[in-house]
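Participant: What follows is each chain in one-letter form.
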Amino acid sequence: MDAQKEQALLDTLRRVFDATIKDDFPLETLEEFVSEVVMGFGSTADERILDLAGFRKLMEIQREQSLGMNLRFETKPIFKKIFAQENAAIFTHDFIITLTIGETENVLPLRFSSVFEFNDERWKLIHWHGSQGVDSEGDTWHRNELIKKNVALQKLVDEKTSDLHRKNAELESAIQTLKETQQQLIQQEKLASLGQLTAGIAHEIKNPLNFVNNFSELSQDFISEIEEELSKPVDKLDVGNILELLEDVKSNLGKIRHHGSRADSIVKSMLMHSRGGTGIMEPTDLNALIEEYSNLAFHGMRANKNPINVEIKLDLDPTIGLVSLNSEDFSRVILNLTKNAFDAMRDKISMVGSDYKAKLEIRTKHLPNRVLIEVEDNGPGIPEEIRDKLLLPFFTTKKGTEGTGLGLSITHDIIKSHLGTLEIESSVGEFTRFTLVLPNTKT
Amino acid sequence: MKILFVDDERDVEDLFRQKFRKEIKSGEIELAFAFSGKEALNVLGDENPPKFVYVFSDINMPGMSGLELLDEIKTRFPEIQVSMISAYGDSENYDRAMNSGARGFFTKPVDFERLKSEIAEMVKKQ
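Protein sequence lines correspond, in order, to chains A and B.
Take the first sequence: its position 238, counted from the start at 1, is 238 in our numbering, and no numbers get skipped.
Take the second sequence: its position 52, counted from the start at 1, is 52 in our numbering, and no numbers get skipped.
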């Protein structure tokens, strides 16, 4: 080949390298040294070029992506062959590109083959192939590389899995803590309501105990009197008086027994109330439970700060029979609802004065397979806008530390656990009515 | 001398009748019982002027409280003496009763000796 033609070939090769790397290369000159039907594979999967337009586009994209990077390159010839008739040539190079991104230098070692065709007195690139060797040696079928990749993937999966396990454990322990806190709050609320009740309970125990003491003391006196009477001579005996005294003693013993068991049942229900939630559902005299707990709540309120006068009207339907209840839990429902009513009516008294007569009505009513319980007060009522918030935990309208905001939320939970429903009706300034419906299959 | 006891506990009647057995038998006193403030006012209002001299009332009762009853009696029958009997001997109740014209204040459990001498003193005055 003559020297001029060979120089032209080398110039064309250099222009190909320059066009690839140099960002100031005039791309409009590409057609001078690249064939219209150039075909080439780049080092990435999408780099499949089928014509000059595709080649130009690739160059433009490369230029765009290399913005801000400092690119250098060196080429080392590996192989060169000029074909017969000197109309085609093939070159193979190591094409080592150094990219500086920020402070870091990265080396991209490419292997580059190029084929040139001599046509119309010009050398033009007709085919090229650039690729990067994978990071494995002597591994024709990429077996080791695949294994390496799998190991790396497995490692990543393991890391993520253990990450998930750890996070899962953290979440579980957080849920556990929440559950414990919730239990503590419920227990605290129970103790708080027991505290409010203490005075009522003390009153309720003291009353029967006073009767026990008084009636036994009287009975002793009467027995002494009978003995005195009996010591008289037979003809002076007042048998009528003796029989009268004996009758009183007998009746007193019955009363002692009655009041003793009354105190006993109060202590029992107090213990039941403070115990942890182990109560079971059993057929319960719901009317008696309502009587007992509304009375305890009333005396508790009377014995605490700011007692108010309330007319309590119980309208209890005797035909409801025994209702399947967890009486420990359900007593809290009655306590909470009556206590809320007392608090609301106290507020109304301080608003409208003593002309207002506070009245609490509790009704039970037998419905087919169900029992209806209504707790209604003629207090200030509940404004519409807060009515649907009432059952939310920690929602309270009471000032400072007077309310925990848990009373109605727990009440609602207990009713739900009895498969019952709770509805609230109210008219501001007139009344508030809590309506409970429980399933009741009479046995 | 007619005395009215007001308490929502029904067994109070038997208790007081037995405690004052002798006084009742001798005709010294006559006891009546009412189980709510409303009932007490009905009993007192039955006769005009009422023959009752003395009313002993519990404070904590459903419906009308003993203190409200005290006010009612003092307005309608100012000549009747009223004393309170309460399980809650707090100063608030005591002060309110005394300011409303109560004659005395007894706490539960009732000290019957004190109650008897109070009644005896009243009988003497009659």
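Hints were generated in silico from the structure; no laboratory data involved.
Among these hints, one or two may not hold up.
Stated by the list, open to error - The following label-pair restraints were derived from C-beta to C-beta distances:
#, chain 1, residue 1, chain 2, residue 2, range
1, A, 244, B, 47, 27 to 35 Å
2, B, 89, A, 188, 28 to 36 Å
3, B, 114, A, 244, 24 to 32 Å
As the list claims (entries may be wrong) - In silico negatives: residues of chain A with every beta carbon more than 12 Å from chain B:
#, residue
4, 2
5, 96
6, 219
7, 303
Just so it is clear, CB atoms sit at the ideal spot from N, CA and C, and this is done for glycine as well.
Participant: Each of the hints needs a verdict: does it hold here or not?
Facilitator: Status of the hints after comparison with the structure:
1. 244/A - 47/B: 27 to 35 Å: holds (30 Å)
2. 89/B - 188/A: 28 to 36 Å: holds (31 Å)
3. 114/B - 244/A: 24 to 32 Å: Roughly 27 Å apart at Cβ, these two residues keep to the hinted range, so it holds.
4. 2: holds (128 Å)
5. 96: holds (99 Å)
6. 219: At about 9 Å from chain B, residue 219/A fails to clear the 12 Å cut-off, so the statement is violated.
7. 303: violated (6 Å)
When the structure is compared with the earlier hints, violations turn up for hints 6, 7 and for no others.
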